[in-house]
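Novice: As given, the protein sequences belong to chains A and B, one line each in that order.
Okay, so the first sequence: first residue is 1 according to this note's numbering, each after it adds one.
Okay, so the second sequence: first residue is 1 according to this note's numbering, each after it adds one.
Treat the hints with caution; some may be incorrect.
Sample of chain B residues lacking proximity to chain A, with all beta carbon distances greater than 10 Å (derived) [unchecked claim]: (1) D7; (2) G17; (3) E49; (4) G66; (5) R69; (6) M84; (7) P116; (8) T131; (9) A136; (10) E145; (11) D150; (12) S153.
Okay, the calculated bits of chain A under chain B, using three or more residues with CB under 8 Å as the criterion [what the hints assert, rightly or not]: (13) 67 to 74; (14) 126 to 135; (15) 173 to 180.
Per label pair, the in silico range of CB-to-CB distance [unchecked claim]: (16) A:T97 / B:G178: 57 to 63 Å; (17) A:L175 / B:R90: 53 to 59 Å; (18) A:R53 / B:E61: 21 to 27 Å; (19) A:R185 / B:R91: 33 to 39 Å.
It is worth saying that the hints were derived from the structure and are not from the lab.
Keep in mind the model is a prediction, meaning the values are calculated, not measured.
For each residue, glycine too, the CB sits at the ideal point set by N, CA and C.
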Amino acid sequence: MSCPNPIDAAVLADYWLGVLASREEESVEEHLLGCDECGSRLREVMGLAEGVRKLAREGSLRMVVSDEFLKRAAEEGLRVREYAPPAGGSVQCTVTTEDDILIGRLAANLNAAKRVDLRIFDERGIEQVRMTDIPFNSAAGDVAFQQSITYAKASPSETLIARLVGFDDEGRERLLGEYTFNHTRSLPGPGAW
Amino acid sequence: MGTGLNDGELVRQIGSGTNRQAEAELFRRMAPRIRLYGLRHLRNEQAAEDFTQQVLITTIEALRAGSLREPEKLVSFVLGTCRMTVLDLRRNAQRKERLLEQFGTDLLAPVQPPVPCLDRDQLTRCVQSLTERERAVIVMTFYDEQTGADVASFLGVSEANVRVIRHRAIHQLRDCMGVAV
Numbered sequence: 001m002s003c004p005n006p007i008d009a010a011v012l013a014d015y016w017l018g019v020l021a022s023r024e025e026e027s028v029e030e031h032l033l034g035c036d037e038c039g040s041r042l043r044e045v046m047g048l049a050e051g052v053r054k055l056a057r058e059g060s061l062r063m064v065v066s067d068e069f070l071k072r073a074a075e076e077g078l079r080v081r082e083y084a085p086p087a088g089g090s091v092q093c094t095v096t097t098e099d100d101i102l103i104g105r106l107a108a109n110l111n112a113a114k115r116v117d118l119r120i121f122d123e124r125g126i127e128q129v130r131m132t133d134i135p136f137n138s139a140a141g142d143v144a145f146q147q148s149i150t151y152a153k154a155s156p157s158e159t160l161i162a163r164l165v166g167f168d169d170e171g172r173e174r175l176l177g178e179y180t181f182n183h184t185r186s187l188p189g190p191g192a193w
Numbered sequence: 001m002g003t004g005l006n007d008g009e010l011v012r013q014i015g016s017g018t019n020r021q022a023e024a025e026l027f028r029r030m031a032p033r034i035r036l037y038g039l040r041h042l043r044n045e046q047a048a049e050d051f052t053q054q055v056l057i058t059t060i061e062a063l064r065a066g067s068l069r070e071p072e073k074l075v076s077f078v079l080g081t082c083r084m085t086v087l088d089l090r091r092n093a094q095r096k097e098r099l100l101e102q103f104g105t106d107l108l109a110p111v112q113p114p115v116p117c118l119d120r121d122q123l124t125r126c127v128q129s130l131t132e133r134e135r136a137v138i139v140m141t142f143y144d145e146q147t148g149a150d151v152a153s154f155l156g157v158s159e160a161n162v163r164v165i166r167h168r169a170i171h172q173l174r175d176c177m178g179v180a181v
């Protein structure tokens, strides 16, 4: 029988995370104890949560992460390899089979920026990725960019250039920093590489 | 196979005497739901399994004794039992063996509705297709179980906005994974 008042998946996620107000949580729990359809949806949300958690542990997502994320990863025993080239500078880098998470820490003055984009170029200057409106803490003075470790482990030796671009209130664009990563492949790989 | 009885009829049949078929139907119907409650509050598969068994046994005991005066309120009764059992489990995790001796293991076979295992590559593409802020919220939420102030601080937005972003991202992920919202 179809549920006449299905609980939204996002509310079920809030329930799973334990962030609902007590009265709403009580209402959700009573509903779930009488409704297999919403229970099934909750299991889907739990599966989604578990899937995302696994992806995060694998370090296979390309994204900006917080220091809390890196702290948690280290506490879990994950090996975090971090490179921090100065703005305008470069760094020699590689990954090994033991590495779980790969971070490029990009130092920049973020104070005046209302929005920050992170753009990744290859050595020919061709843009590979544009990450629009990344999360940043203006007081932090840097951005922790996670490159997919899966990609890095499979990648040939190559040079990647990261550019942090800030936008002010009027939408004017300004280069906040450029960082060159000279990646040397140290893992044995397919002949194509 | 279900008996087709509603909750109230099930309660009445169990209360009318030893009715193993009605009791089995109650277990079949309620065990997956109770287990979800247990997973949510105990965060552990085995603990949720033990919890499910305890709640069901307590419920059956009460129904056999005719303690539930309004049979249609089975769900409310089970919810109350769930709450008491979580508190009890946190105080003392020793009841299981005694209960197993009393009721036997056949009735108490674990019921494990599976949590779906998603296609990893598809999920990667879906997570990667979120906006940067949505992705950050989802990862911080599900990996680190951060939901409030820390995420808000990282994004430079209010906690209410974090909730909005989280909800939007969950809908988009489910949509991308081919699950109707």
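Novice: State for each hint whether it applies.
Specialist: Hint check:
no., hint, in the structure
1, D7, "violated (8 Å)"
2, G17, "holds (25 Å)"
3, E49, "holds (15 Å)"
4, G66, "holds (21 Å)"
5, R69, "holds (18 Å)"
6, M84, "holds (13 Å)"
7, P116, "violated (4 Å)"
8, T131, "violated (7 Å)"
9, A136, "violated (5 Å)"
10, E145, "violated (7 Å)"
11, D150, "violated (6 Å)"
12, S153, "violated (7 Å)"
13, 67 to 74, "holds (count 3)"
14, 126 to 135, "holds (count 5)"
15, 173 to 180, "violated (count 0)"
16, A:T97 / B:G178: 57 to 63 Å, "violated (34 Å)"
17, A:L175 / B:R90: 53 to 59 Å, "holds (55 Å)"
18, A:R53 / B:E61: 21 to 27 Å, "violated (38 Å)"
19, A:R185 / B:R91: 33 to 39 Å, "violated (56 Å)"
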